[in-house]
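Trainee: For reference, the chains in residue letters:
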Amino acid sequence: MKKTIAIIIVLLSTFLTSIGQLFFKFGANKLSLENLFSNYLLFIGLILYAIALVIFIIALKNNELSLLYPLFATSYIWVSLLSMFFLNETMNLLKWLGIFLIIVGVSFVAKK
Amino acid sequence: MDIIKHITMGIILSLIFYPFFNYLVIIIFFSSFIFDVDHYIEYIIRKKDFSLLKAYKEAQELNKKQKTLKQVFIIDVLHIFHAIEFIIILGILSFFSKLFLMVLIGLLFHNLLDIIEMAYYKTFKSRSPSIILWLIKHNGEKNKWQQRWARFNPL
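Keeping their order, the protein sequence lines are chains A and B. According to the working numbering, the first sequence holds residues 1 to 112 in order. According to the working numbering, the second sequence holds residues 1 to 155 in order.
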């Protein structure tokens with residue numbers, strides 16, 4: 001059960017990392033020298049990154065690094081999808097293929 | 001968030017979890033969008049109408065308007081399956097059964113997506129985070145939340 005929880009935690013960590021990226025983008029869109037330190041969107045991104053890192057370290061206690069770290073690749077999937085939903089970025093066939101290949105790759109790593 | 005987006009994200013999440021949980025990912029998939037049924041329940045209570053299509057259309061219209069104007073039109077609507085109490089109950093049950101753990105994963109994922117959207121469009125006030133809080137707030141003002149809805153009539 002602990003190993004299962006570790007996997008779930010890592011996937012949550014990847015998702016938080018992706019949301020962090022999304023907030024970096026939101027913040028970057030409004031970035032200027034004047035608001036560099038008052039840009040709360042960037043800070044939300046940083047906080048999410050920090051939380052993701054902490055929970056990843058917690059997950060490492062209960063499972064192998066060689067299994068957990070490749071799962072981090074799923075953050076590329078979340079970033080692509082979140083960008084499509086929130087930033088209206090387009091997804092083409094090649095991007096979908098990339099997502100599919102990441103899922104296949106993660107499956108290979110997960111299957112012992 | 002639009003149910004189609006929830007379903008898309010649910011499919012991807014289920015595929016990622018598949019090597020770890022096999023057929024149980026079906027539960028993750030369904031729970032990543034099925035809890036939006038509380039929007040429909042709320043619609044039935046408010047309008048006394050069972051039309052799923054009308055409920056969906058109204059939600060779409062409201063979403064569109066709120067996103068375009070980045071403004072909340074309806075505040076403090078209670079969606080029971082999105083409330084913190086429901087999540088806590090599922091969290092407790094998930095200690096005893098893997099099935100509930102799968103449901104919890106799907107629901108948390110669903111809620112995270114909703115939270116990002118609400119943060120982006122600044123519509124946090126549109127939904128009550130807690131059943132208890134909602135009951136305390138609206139105790140004794142039986143139809144006030146319905147009146148608030150009446151002001152917005154997209155159909």
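Hints are computed from structural coordinates only; laboratory data are not their basis. Built from N, CA and C at the ideal position, the CB exists for glycine as well. A few of these clues could be false.
Derived coverage of chain A by chain B (criterion: at least 3 residues anywhere in the stretch with Cβ under 8 Å from a Cβ of chain B; other residues may be distant) [what the hints assert, rightly or not]:
1) 53-60
2) 105-111
Label-pair distances were calculated between CB atoms; the ranges are [stated by the list, open to error]:
3) B:I45 <-> A:L94: 23 to 33 Å
4) A:S38 <-> B:S51: 13 to 23 Å
5) A:L97 <-> B:K98: 31 to 41 Å
6) A:Y76 <-> B:E61: 42 to 52 Å
7) A:K2 <-> B:F30: 19 to 29 Å
8) B:F124 <-> A:N35: 45 to 55 Å
9) B:S51 <-> A:L53: 39 to 49 Å
10) A:N88 <-> B:E61: 35 to 45 Å
11) A:N62 <-> B:T68: 40 to 50 Å
12) B:V37 <-> A:N62: 20 to 30 Å
13) B:I80 <-> A:L94: 20 to 30 Å
14) B:K137 <-> A:L94: 44 to 54 Å
15) A:K61 <-> B:K65: 24 to 34 Å
Listed next, the in silico SDA-like pairs over lysine to any residue satisfying Cα-Cα at most 25 Å (straight line) [unchecked claim]:
16) B:K64 <-> B:F96
17) A:K3 <-> A:K95
18) B:K65 <-> B:Y43
19) B:K54 <-> B:Y43
20) B:K65 <-> A:F85
21) B:K122 <-> A:F108
22) B:K122 <-> A:K2
23) B:K98 <-> A:F85
24) B:K5 <-> A:K2
25) B:K98 <-> A:G98
26) A:K95 <-> B:D49
27) A:K2 <-> B:I92
28) A:K30 <-> B:I92
29) B:K122 <-> A:K3
30) A:K3 <-> A:F85
31) A:K3 <-> B:D49
32) A:K2 <-> B:M118
33) B:K125 <-> A:K3
34) B:K64 <-> B:I88
35) A:K61 <-> A:G27
36) A:K3 <-> B:Y120
37) B:K5 <-> A:K61
38) A:K25 <-> B:K48
39) B:K122 <-> B:A59
40) B:K122 <-> B:I84
Trainee: Do the alpha carbons of B:K98 and A:F85 lie within 25 Å of each other, as the hint requires?
Mentor: violated, 31 Å
Trainee: Is B:K64 close enough to B:F96, meaning Cα to Cα at most 25 Å?
Mentor: Status violated; Cα separation ~41 Å.
Trainee: Is it true that the C-beta distance of A:N62 to B:T68 lies inside 40 to 50 Å, as the hint says?
Mentor: Roughly 45 Å apart at Cβ, these two residues keep to the hinted range, so it holds.
Trainee: Compare the distance between the alpha carbons of B:K98 and A:G98 with 25 Å, and conclude whether the hinted pair is satisfied.
Mentor: The hint is violated at about 31 Å.
Trainee: Just to be careful, I want the Cα atoms of A:K30 and B:I92 compared with a cutoff of 25 Å; is the pair within it?
Mentor: violated, 41 Å
Trainee: Range first: 23 to 33 Å. Now tell me if the beta carbons of B:I45 and A:L94 are that far apart.
Mentor: Because 46 Å falls outside the window, the suggested range is violated.
Trainee: Count the residues of the region 105-111 of chain A with a beta-carbon closer than 8 Å to any beta-carbon of chain B: does the count reach three?
Mentor: Holds: 4 residues of the region 105-111 of chain A have a Cβ under 8 Å from chain B.
Trainee: If you draw a straight line from the CA of B:K122 to the CA of A:F108, is it 25 Å or shorter?
Mentor: violated, 40 Å
Trainee: Between the region 53-60 of chain A and chain B, see if three or more residues pass the 8 Å beta-carbon test, and mark the coverage as holds or violated.
Mentor: violated (count 0)
Trainee: CA of A:K3 to CA of B:Y120, is that 25 Å or under?
Mentor: violated, 34 Å
Trainee: Taking only the CA atoms, is the gap from B:K5 to A:K61 under or equal to 25 Å?
Mentor: violated, 34 Å
Trainee: Per the hint of 31 to 41 Å, is the separation of the Cβ atoms of A:L97 and B:K98 within bounds?
Mentor: Once the Cβ atoms are compared, 33 Å apart, the range 31 to 41 Å for B:K98 and A:L97 holds.
In this structure, the earlier hints numbered 1, 3, 4, 6, 8, 10, 12, 13, 15, 16, 17, 21, 22, 23, 24, 25, 26, 28, 29, 30, 31, 32, 33, 34, 35, 36, 37 and 38 are contradicted, and the remaining ones agree with it.
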